[in-house]
Amino acid sequence: MPTFQYEAMDNTGLEIKETIEATTEAEAQQMIKEKGFFVTKIQEKGRKNKKKASKKKKAAQKKGKTFALGKVKAKQLCTFTRQLSTLQDAGLPVLRSLRILEGQSKPGALKNSLIGVIDDIESGNTLSESMTRQPKAFDDLYCNMVKAGEAGGALEVILQRLAEFKERSESLKRKVKGAMIYPVAVITVATLIVGFIMVYIIPKFKKIFEDFGSDLPAMTVMLIDFSDLVAAYWYLSPAIPLILWIMIKIIKKNKTGAFILDWVLLKIPLLGKIVSKATVARTCRTLGTLIASGVPILECLIIARDTAGNAVFKKAFERIYAAIREGESMAVPLKESRIVDDMVVNMVDVGEETGALDNMLYKVADVYDEEVSVLVDGLVSMLEPLMVIILGLIVGFIVIALFLPLIQLMEDLS
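Under this note's numbering, the residue at position 78 of the sequence shown is numbered 78, and the numbers go up by one with no gaps.
Hints in this document: simulated from the structure, not taken from any laboratory. Predicted model only: the values in this text are computed from it and were never measured. Be aware that one or more of the hints could be misleading.
[Claimed, not checked] Heads up, simulated DSBU-like pairs for lysine-lysine below, C-alpha to C-alpha not over 35 angstroms straight-line:
| no. | residue 1 | residue 2 |
| --- | --- | --- |
| 1 | 175 | 335 |
| 2 | 253 | 75 |
| 3 | 71 | 175 |
[Unchecked claim] Quick list of simulated restraints, FRET-style, between CB atoms:
| no. | residue 1 | residue 2 | range |
| --- | --- | --- | --- |
| 4 | 370 | 185 | 25 to 31 angstroms |
| 5 | 215 | 248 | 43 to 49 angstroms |
| 6 | 408 | 247 | 42 to 48 angstroms |
| 7 | 180 | 41 | 44 to 50 angstroms |
| 8 | 381 | 410 | 30 to 36 angstroms |
Every residue gets a Cβ at the ideal spot worked out from N, C-alpha and C, and that includes glycine.
My request is simple: use the sequences and hints to build the entire structure.
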């Protein structure tokens, strides 16, 4: 019977190096787990890596990989995390769980990443180390939580928390996107209709007015000039949003430019509140999940800073990080940053005093998620009448501008 040499950790985090006899590696891992240990490395004793086997293995992996652009979609990662959590909770070895999920995955970025993770684990790396080498699928938050789960011997619990975190974040994103579909659709259709009027309808009226030979009102002249401009440069319509988007991207590459843009965004009425509260909810949930998983507080702050997505919040987290390194609590620099209201500061302060900071951060995230949902509904409700008013003014201006010359002609004839 083969002998396997392994490295593992017990419930206290103590490293253990021993050997065990088993028929297969999977059976050896299961036996080690029954002892209450968490396997970090396992290898058959006396095994030699043969070149032929290695070549076949690499060829098989290359055959399984497909060309894929971009990162793994958030929805796919949510499903994968929940499935991996369920398999781990059922007691299956990590490697076997990953092979099952890799076999079920469709060709794409996730499947390629899982093949890479499986290859690294078989080479003797831990799950967190293997995931770190697949940035298209697993970010710093994901890898650090898995690492904490491995160190604490509670990987299945950490994966459950991670799955819940991903699902909540994805649910909020879907709600915001769903609420914005109607306004975007109305604005797009209205823009196309107005563009059609400017390019095809106004020029016909222009020809009629020229036949009159009389002076046109200022409104009509303005409308005809704008129509000529749109007809001559219609191809710039899709280019203008693209140019603006590229300019914003270039400005955001600069640290000062990114800070100014994000500061202005936070000052926009209603929209700024939505962005601010959504960022607070996301960062608080990230911090709470990481702290509950046993990740050191300074590392938690770095990850939360990187997942904030707003330069103003990033700068605030840098100040909090520096303050905690000097021995201060989180609540004091958080209050000085002025990025959150007093309720958040007080809950963080209470959490630090009672040792339940993770629970307090979860509660803050839940409250702010609900507030974001209400604000989004309010924004959509406000946009509907606002769009009707704007469209009414545009249509009214066009109708009046077109009929004024006709009225003037009738007066001249009378």
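To see whether the hints hold, each was checked on the structure:
Taken as a hint, the residue 175 and residue 335 pair is honoured in the structure, with Cα atoms around 30 angstroms apart against an allowance of 35 angstroms. Note on residue 253 and residue 75: the hinted pairing holds, with a Cα-Cα distance of about 28 angstroms set against a maximum of 35 angstroms. Using a Cα cut-off of 35 angstroms, the hinted pair residue 71 and residue 175 holds, with the two alpha carbons roughly 22 angstroms apart. In this structure the supplied range 25 to 31 angstroms holds for residue 370 paired with residue 185, their Cβ-Cβ distance being about 26 angstroms.
Take residue 215 and residue 248: their Cβ atoms lie about 44 angstroms apart, and the range 43 to 49 angstroms holds. Between residue 408 and residue 247 the beta carbon distance is about 44 angstroms. The supplied range of 42 to 48 angstroms therefore holds. Residue 180 and residue 41 have their C-beta atoms about 48 angstroms apart, which keeps the hinted 44 to 50 angstroms range intact. In this structure the supplied range 30 to 36 angstroms is violated for residue 381 paired with residue 410, their Cβ-Cβ distance being about 44 angstroms.
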